[in-house]
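> Protein chains in written order, with our numbering: chain A, 1 to 121; chain B, 1 to 121.
Among the clues, some could well be false.
Pairs count within a copy or across copies, as identical chains cannot be separated in the list.
To be verified - Below 20 Å or equal to it, Euclidean Cα-Cα: the simulated EDC-like pairs (lysine to aspartate or glutamate) are:
id : residue 1 : residue 2
1  : Lys120    : Glu59
2  : Lys52     : Glu8
3  : Lys120    : Glu87
4  : Lys120    : Asp29
Keep in mind the hints are simulated off the structure, nothing from the lab.
Each chain, letter by letter, is given below.
2 protein chains.
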Amino acid sequence: MSDDLPPELRLRLRLYLPGGLMLGPGKADLLEGIAETGSIAAAGRRMGMSYKRAWSLVEEMNAAFTAPLVASARGGAGGGGAHLTAEGQSVLTRYRALIAATLQAGADDIAAITALLRPKA
Amino acid sequence: MSDDLPPELRLRLRLYLPGGLMLGPGKADLLEGIAETGSIAAAGRRMGMSYKRAWSLVEEMNAAFTAPLVASARGGAGGGGAHLTAEGQSVLTRYRALIAATLQAGADDIAAITALLRPKA
Numbered sequence: 001m002s003d004d005l006p007p008e009l010r011l012r013l014r015l016y017l018p019g020g021l022m023l024g025p026g027k028a029d030l031l032e033g034i035a036e037t038g039s040i041a042a043a044g045r046r047m048g049m050s051y052k053r054a055w056s057l058v059e060e061m062n063a064a065f066t067a068p069l070v071a072s073a074r075g076g077a078g079g080g081g082a083h084l085t086a087e088g089q090s091v092l093t094r095y096r097a098l099i100a101a102t103l104q105a106g107a108d109d110i111a112a113i114t115a116l117l118r119p120k121a
Numbered sequence: 001m002s003d004d005l006p007p008e009l010r011l012r013l014r015l016y017l018p019g020g021l022m023l024g025p026g027k028a029d030l031l032e033g034i035a036e037t038g039s040i041a042a043a044g045r046r047m048g049m050s051y052k053r054a055w056s057l058v059e060e061m062n063a064a065f066t067a068p069l070v071a072s073a074r075g076g077a078g079g080g081g082a083h084l085t086a087e088g089q090s091v092l093t094r095y096r097a098l099i100a101a102t103l104q105a106g107a108d109d110i111a112a113i114t115a116l117l118r119p120k121a
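Using the sequences and the accompanying hints, generate a full structural model.
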């Protein structure tokens, strides 16, 4: 019944991991932005996030995992570059897969809830 | 691989439904509390939520669905009673089933993420 999911539906999923890290859409989008822009600052900027905030989230993630998720060359005129490590790519891919699994395995439940909604005026 | 999920792991899932209602753990817990206590006030109280806030959430949910999720007898000395309608029970059951489906279908993804975590000191 996946095809019946209304396009306006959005799902946000937060994982509270053992050890205390919360992994949710913000950190996932930040990781994706770093992979796409090659820069922590640029990734944060396109999310409307300060440089300091973006760095803080990266440091939080890097500290929580055995290997850092983001490798970066801090400093330099351009602020250095950044990229996802294999572990960072893995965490991002698995998080996205978890959302996809939810939408697929939960399609009937979501459809049952939306079927009870008041039709839009 | 569901058995491999660490017990300390928690998952919070928010559905942003067509029409604008957000359905998440707070509203689900409130519905469950109403079913268990027979009272909107008591359900809110055990979540540390004000009577006004609990009523506001119930009214928001009732307005979003074709049929109300909570039926209540407002007023009276004891504040009247409340119970879930069939639709309210259905929405709650489906929301809980969606979480269960996520944990089951996403077990491998969750396990892959947690396997990369730094072991606790």
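> Work down the list of hints and note, for each, if the structure agrees.
How the hints compare with the structure:
1. Lys120 <-> Glu59: Between. Shortest inter-copy distance 17 Å satisfies the 20 Å Cα cut-off; intra-copy 44 Å does not.
2. Lys52 <-> Glu8: neither (33 Å within a copy, 30 Å between copies)
3. Lys120 <-> Glu87: between (44 Å within a copy, 18 Å between copies)
4. Lys120 <-> Asp29: neither (30 Å within a copy, 26 Å between copies)
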